[in-house]
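Taken in sequence, the protein lines are chains V and C.
Residue numbers 1 to 128, in the working numbering, belong to the letters of the first sequence in order.
Residue numbers 1001 to 1310, in the working numbering, belong to the letters of the second sequence in order.
Bear in mind the hints are in silico, worked out from the structure with no lab data behind them.
Keep in mind that the hints are not guaranteed to be accurate.
Which residues of chain C face chain V? A partial, calculated answer using Cβ under 7 angstroms [as the list claims (entries may be wrong)]:
1. Thr-1290
2. Pro-1293
3. Asp-1295
4. Thr-1303
5. Gly-1304
Which bits of chain V does chain C cover? Going by a derived footprint, with three or more residues having C-beta under 8 angstroms, they are [to be verified]:
6. 43 to 53
7. 74 to 84
Residues of chain C clear of chain V, computed beta-carbon distances all greater than 12 angstroms [what the hints assert, rightly or not]:
8. Glu-1202
9. Pro-1206
10. Ser-1300
Yeah, the Cβ is synthetic: ideal placement off N, Cα and C, and Gly gets one too.
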Amino acid sequence: MWRERDMRVNVPMLGAALAFAFAGGCTPDGPGTGIPTHPSDTWSVTLEWDAPTTDAVGRPLDDLSGYRLYYREMDADAGSDVMIELGADTRVTVAGLAAGDYLFAVTALDTLGNESDLSDPLPVQVSP
Amino acid sequence: MRPLRFTFAALLILTAGTLVQPSAVFDPGKPKDLTAKADGPHAVDLDWKNVRGSEGYYVYRDGSRVGSAENSDYRDEGLQPATTYVYRVSAFDDDGDEGDQSNAVQVTTDPLPGPSVPAHLVASAAGPYRIDLAWSPSDSEVGVAFYRVLRDGEEISTTGDTSYSDSNLEPETEYRYRVSAVDALGNESDPSEPASATTEMEPGPPPPRNLSAIAESSTQINLAWSPPGASAHPVQGYNVYRDGEAIGFVVSTAFADAGRSPATTYRYTASSVDTRGVEGELSDEVSATTDAPTDVIPPSAPTGLRLAGG
C-alpha cells in the first residue's frame, strides 16, 4: 500500500513525529497504567484521525462504514504492510509493536466497500 | 300433267297455223339451276332461275310441298340443326297449271353452335391457401351444362355455377386459370382468356404471451415470456425488440438485456418465429426501469492522522 512518493514526502517530518511520540503517544504493553513497572519487549501506539465528510468528488458522505489502518516498519519492504480492519471509531490502539520506526496511514470505507486513498502517512518512533 | 302435255300436242296439231297464246295453253317450264344453302342451324335459302310466264313457284322439301314463292327464291325456316333435306321447286301459271319439278338439291343445316366462351374471368386470392374465381355466364341455345375450370392448363373441377373456389393451394404462389363452357349436347367452348392470382403469404405464429421485464440491476433488465398458443408451424424462437429495435433472437423464453444505462426506462416487445423463419405479430409492449446507479465513488481519505494525546 505504501507508495514511495508518500514516504519521501513525509520522511522530513519524522523528527516532529518522534517528539510527539515522546510526548506520550507510546506506552509499554503489559500490566500497569502508562509507566512500565518492569522492562517490556513490546509497546502500544494509539492513533486518531478526522473522519471524512465528503466522498472523493465532494458530495456529502452518508455511507461511511469504517476504516483500515496500514502500517509497517519504515525500512521494511512495501509488501510487508500490516492491514487492520477497523470500525467507525476514529481512534485505535495498536499493541504488540517492537521498538522501531514505523509508518502509519488510514483509509475510509463506505458501505459498498469503496475505499478511499491513504491518509497522509504518520511516522512514529516506538522505543522505550 | 302428262295429260295436259298430251292435250298441248293435240292442240298444236289440230290448230296448226292458228296463233295460240302459249301461256294459256302450255304448262310452265321446269325451274333450272336450283341451289340451296344452309343459313345457320334452322334455315335454308333456295334460289333458282326465273321461269318466263310463271305466276309463282311451289317449293318441295323431301317430296312434300312446304310453301310457295312469288319470285325465284325461297327461305325455308324452322328446320332441325345438322339435318339433310332435299329440295325441288316447280313453276305454276296464272291458270294454276304447274310445270315439272326442278332438279333436286340436297342441303344440310348447320349444327347448333357450342356455348360462348366464358367472359370476364376474375381470379382473386382469398388468403394464403385459396383463390376465388368468377366469370360471366356463357350463351347457349341448349343451355350450359357445366363449366370446366382449368388451373395452369389442367382441369381441376367442373361446376354448374359461374364461380369457383380453388383451395388447398400453396402460399405465395401464382396460379393461372381458364374456364370453358360445356352445353347440354356436350359441345365445349374455347377456354376463356386466362386470369391469374397469387396466394397471400402465410401468417406468422402468434406473439409470445405474458412478456415481462424486470430490472436486474442498474445495467441489466431481464425479460421472460411464455410460448404462444397453437400455430400452423412450430415456433423455433423469438425476436426481442428494445425501443423498437431488434436486439436479439433466442430459442429460449428469456432474455437478459445487459449494458443498459442506470435509472433508465426501456420498452420491450417480442415476436415468435416459426420453423419456416416467418415472424409473427409483435407482443404487447412492456417496460422496465433500470436501478439507480451504484455508488462507485469512495470516501475522501481521512485526515489529521496523529498520535492520540495522552
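* Coverage of the region 43 to 53 of chain V by chain C (three or more Cβ within 8 angstroms) -> The restraint on the region 43 to 53 of chain V holds, since 9 of its residues have a Cβ under 8 angstroms from chain C and three suffice.
* Are C:Pro-1293 and chain V close enough, Cβ to Cβ, to be under 7 angstroms, as the hint says? -> 12 angstroms, violated
* Satisfaction of the C:Thr-1290 interface hint, Cβ to chain V closer than 7 angstroms -> Hint on C:Thr-1290: violated, closest Cβ of chain V at ~17 angstroms, above 7 angstroms.
* Would you check whether C:Gly-1304 satisfies its interface hint, that is, whether its CB is within less than 7 angstroms of any CB in chain V? => It holds, given that the least Cβ distance between C:Gly-1304 and chain V is near 4 angstroms, below 7 angstroms.
* Asked: Any Cβ of chain V at or closer than 12 angstroms to C:Ser-1300, or is the non-interface label fine?
  -> At roughly 4 angstroms from the nearest Cβ of chain V, C:Ser-1300 sits no farther out than 12 angstroms, so the non-interface label is violated.
* Given C:Thr-1303 was flagged as interface, is its beta-carbon under 7 angstroms from a beta-carbon of chain V? -> 5 angstroms, holds
* With a cut-off of 8 angstroms between beta carbons, are at least three residues of the region 74 to 84 of chain V near chain C? -> violated (count 0)
* Asked: Does C:Asp-1295 meet its interface restraint, that is, does its C-beta lie within less than 7 angstroms of any C-beta in chain V?
  -> At 5 angstroms from the nearest chain V Cβ, C:Asp-1295 passes the 7 angstroms test, so the hint holds.
* **Check on C:Glu-1202 being off the interface with chain V, judged by Cβ distance over 12 angstroms** => 54 angstroms, holds
* Asked: Beyond 12 angstroms from every Cβ of chain V: is that where the Cβ of C:Pro-1206 lies?
  -> Non-interface label on C:Pro-1206 holds, nearest chain V Cβ at 45 angstroms vs cutoff 12 angstroms.
When held up to the earlier numbered hints, the structure conflicts with 1, 2, 7, 10 and fits the remainder.
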